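**Q** Chains as they are written, first to last, in the numbering used here: chain C, 1 to 585; chain W, 1 to 235.
Watch out, some of these pointers could steer you wrong.
Taking lysine-lysine and the DSS-like style, the derived pairs with C-alpha atoms no more than 27 Å apart in a straight line are [claimed, not checked]: (1) 454/C x 490/C; (2) 113/W x 501/C; (3) 162/C x 113/W; (4) 454/C x 39/W.
Hints listed in this document are in silico derivations from the structure and should not be mistaken for laboratory results.
Owing to the predicted nature of the structure, the values given are computational and were not obtained by experimental measurement.
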Amino acid sequence: MIHKFDVVIVGAGGAGLRAAVEIPKGSSCAVISKVFPTRSHTGTAQGGVCAALSNEEEDSWLDHAFDTVKGSDYLGDQDAIEIMCQDAPRAIIELEHMGMPFSRTKEGKIAQRKFGGHTKLENPKDPNSKRIPVNRACYSADRTGHVMLQTLYENCIKNNVKFYSEYFLTDLIIEDGICKGLTAIDMATSEIHTFQAKAIMFATGGYGRAFRITSNAHVGTGDGCSLVYNAGLPLEDMEFYQFHPTGLWRLGILVSEAARGEGGILRNNNNEPFMEVYAPTVKDLAPRDMVSRAIISEIRAGRGILGSDGTYYINLDLTHLGKKVIDEKIPEITGFARTYLGVEPTKESVPIQPTAHYAMGGIPTNYDTEVFADSNGTKVQGFYAAGECACVSVHGANRLGTNSLLDIVVFGRRGGKKISQFLETAEYHDFKTDPAEKTRALMSGLLAKNGNEKISEIRKDLQQSMMDKCGIFRNEKDLAENKELIKQYKERYQNIGLQDKSKVFNTDLIEAIELGNLLNIAGSINECALNRQESRGAHTREDFPKRDDSNWMKHSFITKNDSGDPKISYKTVIKTRFEPMERKY
Amino acid sequence: MQVTFRILRFNPEVDKEPHFEDYRFEGHENMTVLDCLHKIKWEHDGSLAFRRSCAHGVCGSDGLRINGRNHLACSTLLKDINTKKPVVIEPLPAMPIIKDLILDMTDFYEKYKAVKPYLINNTPVTEDSERLQSNADAEKLFESAKCILCACCTTSCPSTWTNNNYIGPAALLKAYRFVFDTRDEAADERLDIIDTPDGIWRCHTVFNCIEACPKEINITWHISQLKKELSTREL
Chain C
1 MIHKFDVVIV GAGGAGLRAA VEIPKGSSCA VISKVFPTRS HTGTAQGGVC
51 AALSNEEEDS WLDHAFDTVK GSDYLGDQDA IEIMCQDAPR AIIELEHMGM
101 PFSRTKEGKI AQRKFGGHTK LENPKDPNSK RIPVNRACYS ADRTGHVMLQ
151 TLYENCIKNN VKFYSEYFLT DLIIEDGICK GLTAIDMATS EIHTFQAKAI
201 MFATGGYGRA FRITSNAHVG TGDGCSLVYN AGLPLEDMEF YQFHPTGLWR
251 LGILVSEAAR GEGGILRNNN NEPFMEVYAP TVKDLAPRDM VSRAIISEIR
301 AGRGILGSDG TYYINLDLTH LGKKVIDEKI PEITGFARTY LGVEPTKESV
351 PIQPTAHYAM GGIPTNYDTE VFADSNGTKV QGFYAAGECA CVSVHGANRL
401 GTNSLLDIVV FGRRGGKKIS QFLETAEYHD FKTDPAEKTR ALMSGLLAKN
451 GNEKISEIRK DLQQSMMDKC GIFRNEKDLA ENKELIKQYK ERYQNIGLQD
501 KSKVFNTDLI EAIELGNLLN IAGSINECAL NRQESRGAHT REDFPKRDDS
551 NWMKHSFITK NDSGDPKISY KTVIKTRFEP MERKY
Chain W
1 MQVTFRILRF NPEVDKEPHF EDYRFEGHEN MTVLDCLHKI KWEHDGSLAF
51 RRSCAHGVCG SDGLRINGRN HLACSTLLKD INTKKPVVIE PLPAMPIIKD
101 LILDMTDFYE KYKAVKPYLI NNTPVTEDSE RLQSNADAEK LFESAKCILC
151 ACCTTSCPST WTNNNYIGPA ALLKAYRFVF DTRDEAADER LDIIDTPDGI
201 WRCHTVFNCI EACPKEINIT WHISQLKKEL STREL
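Please model the complete structure; the sequences and the hints are all you need to start from.
**A** Here is the structure:
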């Protein structure tokens with residue numbers, strides 16, 4: 001079946017929905033998603049979305065921008081960061097106007113709380129005074145992402161946005177540098193649908209499922225990024241993958257930074273609040289990369305707590321917060337601890353470990369979400385990307401908590417606006433070849449597979465080796481081994497067997513395609529990690545422990561050459577007003 | 001421990017009727033029902049179809065009937081259910097089955113849309129400031145805003161079972177979410193929509209929805225507030 005829309009947005013999380021709201025009524029727009037929109041992963045974000053609203057205390061967008069640049073370990077593009085932080089108060093107020101329910105201050109304004117890496121000068125008149133945590137994260141208890149996603153979906157209903165739910169993206173059609181359309185499978189019937197469009201936006205989310213312990217939903221398999229890479233386009237800064245410090249032990253389920261924002265403390269096996277050693281000023285509210293490294297360092301130094309299965313964890317102590325704060329401010333996450341670990345957070349510490357959480361890297365775009373075809377700034381006509389799948393880059397080498405929810409609403413809207421402008425003169429482009437052919441071949445190829453390799457086994461092995469060799473601490477030996485392993489997984493993938501041969505909701509087939517995407521993504525993460533010989537943000541090389549600004553203050557662009565091998569080129573980091581300095585907290 | 005799952009299977013391409021199949025596997029008490037379904041799918045039978053995404057009770061994809069009770073597969077642990085007998089896994093009742101545990105939820109979503117599930121406020125606002133709302137008024141919405149649209153409540157309701165036109169507790173909860181939002185101006189419009197024989201008055205306060213809700217929302221209380229509003233509003 002062939003559809004024609006002015007705009008097709010892939011992904012119904014925050015970025016995709018916010019973009020859809022922005023498309024003018026006179027233009028036709030479809031949103032396709034592999035899950036029903038409110039099942040998207042934005043809904044699991046907990047703690048907040050930040051903006052210098054100054055509702056709780058004096059704050060400024062410049063402080064927010066400074067923190068974001070410093071948090072990014074100076075790899076973030078400062079022009080884009082300035083745009084995002086300056087636009088943040090407007091974006092949050094707009095969400096409130098759309099109906100998003102927020103927790104409120106005494107005056108009835110949007111309430112704000114502290115979050116890791118968000119600071120201001122203790123004495124605003126003295127630029128040399130120390131930086132202390134600031135209440136910048138706007139929140140709705142600990143369900144901020146959930147109510148944001150609901151609100152955006154509600155506004156899409158209000159605007160009569162057309163949805164294709166449970167359609168799985170299989171091909172992106174780019175010919176002569178022009179993005180012409182895409183194909184997707186209707187999961188309920190296995191029918192192939194071709195969407196011809198003047199503009200396409202990918203808002204396809206992240207790929208946490210490349211790692212064994214992750215906070216990400218099962219659907220986080222990097223489908224959009226993988227297709228972009230296969231289309232011969234670059235992916236940017238793939239080596240920068242964030243581990244959130246506090247995932248529930250063994251499970252990886254997210255325990256928001258809000259727990260520490262409200263006063264929670266990390267403790268080792270001697271009950272010591274060890275973050276004092278690693279970040280003397282902000283302690284437990286240090287950025288995520290630092291806290292995750294601190295946790296692993298404590299465990300490596302023998303100060304972890306031995307769990308029943310022989311693995312180690314660290315304690316997150318919330319007991320001193322009292323029942324009222326726990327029940328009112330962080331009810332959801334403490335509920336997770338009760339349900340999944342049988343721990344009562346008002347009385348005992350919550351066992352945690354770092355969990356694969358967020359991709360700073362992804363599809364390279366400018367701050368209007370236009371996708372780059374190379375590291376020289378050539379654009380792909382009609383192709384846009386926003387949200388976690390995109391790399392603007394506002395998060396650089398490490399994202400600050402609450403900046404992801406901000407990113408999706410700011411750049412989702414900017415993308416929608418840019419596309420609307422583009423539509424004024426844009427045209428449909430005819431396909432040179434049958435657009436469904438590749439998808440037909442993909443499906444029939446996979447359905448014919450009767451090998452003895454199990455999809456789940458290859459995926460498990462991949463996730464484990466990414467965790468062990470390409471996780472928080474990395475080195476050349478491990479990464480080289482992992483490269484070899486990924487090659488072996490790709491060979492094994494050729495020999496998988498599908499048990500389900502049916503057409504109706506063939507989730508076996510979908511998981512097979514997703515595994516192909518994960519293998520692709522994992523390969524590019526590992527390749528970029530092996531290539532970058534320094535430590536910056538979330539990328540920590542034990543064999544190159546220092547940040548190296550003279551050689552590595554640049555973005556990596558990885559592309560696939562004609563023979564399928566990866567090739568890395570570079571793009572300069574854009575600097576405006578913030579000079580790089582040592583990152584201390 | 002050895003566990004048996006008795007799962008309702010239906011493949012429309014070959015089956016005339018749904019039927020049960022048993023799967024025996026080694027489990028442990030901290031496994032969720034979703035973990036078990038994955039184990040079966042990934043190790044025994046790749047053709048088993050079910051929806052899931054976040055796996056920790058936030059996305060609302062995996063509402064199922066587990067030993068006769070509606071709940072999320074990902075928030076039900078084996079230690080919480082009787083595993084001495086085969087654990088009976090069925091799709092939620094009262095909706096058409098597409099395949100195995102996957103239902104056609106179109107009707108459920110249409111009823112949600114019917115209550116105008118979005119803020120309606122035509123009073124002009126200034127771009128640089130939020131509408132004020134007291135924290136107490138905001139908190140009146142929080143419990144209803146927790147809803148994840150899993151359909152556990154609506155499909156647990158005897159009124160739904162006997163009359164498929166009933167709008168159902170999930171849609172009514174969504175109506176509450178906006179009717180009681182101090183920022184909304186369309187309470188009357190929504191109250192009119194639910195003030196019908198197949199609307200709110202088909203709720204007979206059976207409380208099944210409360211028991212079924214995985215987010216522990218007191219849905220019946222919210223519906224009662226709407227009833228109160230309807231019975232006191234000026235005609």
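**Q** Indicate, hint by hint, whether the structure satisfies it.
**A** Hints, verified against the model:
no.	hint	result
1	454/C x 490/C	13 Å, holds
2	113/W x 501/C	35 Å, violated
3	162/C x 113/W	14 Å, holds
4	454/C x 39/W	12 Å, holds
Hint compliance for this structure: hint 2 alone is broken.
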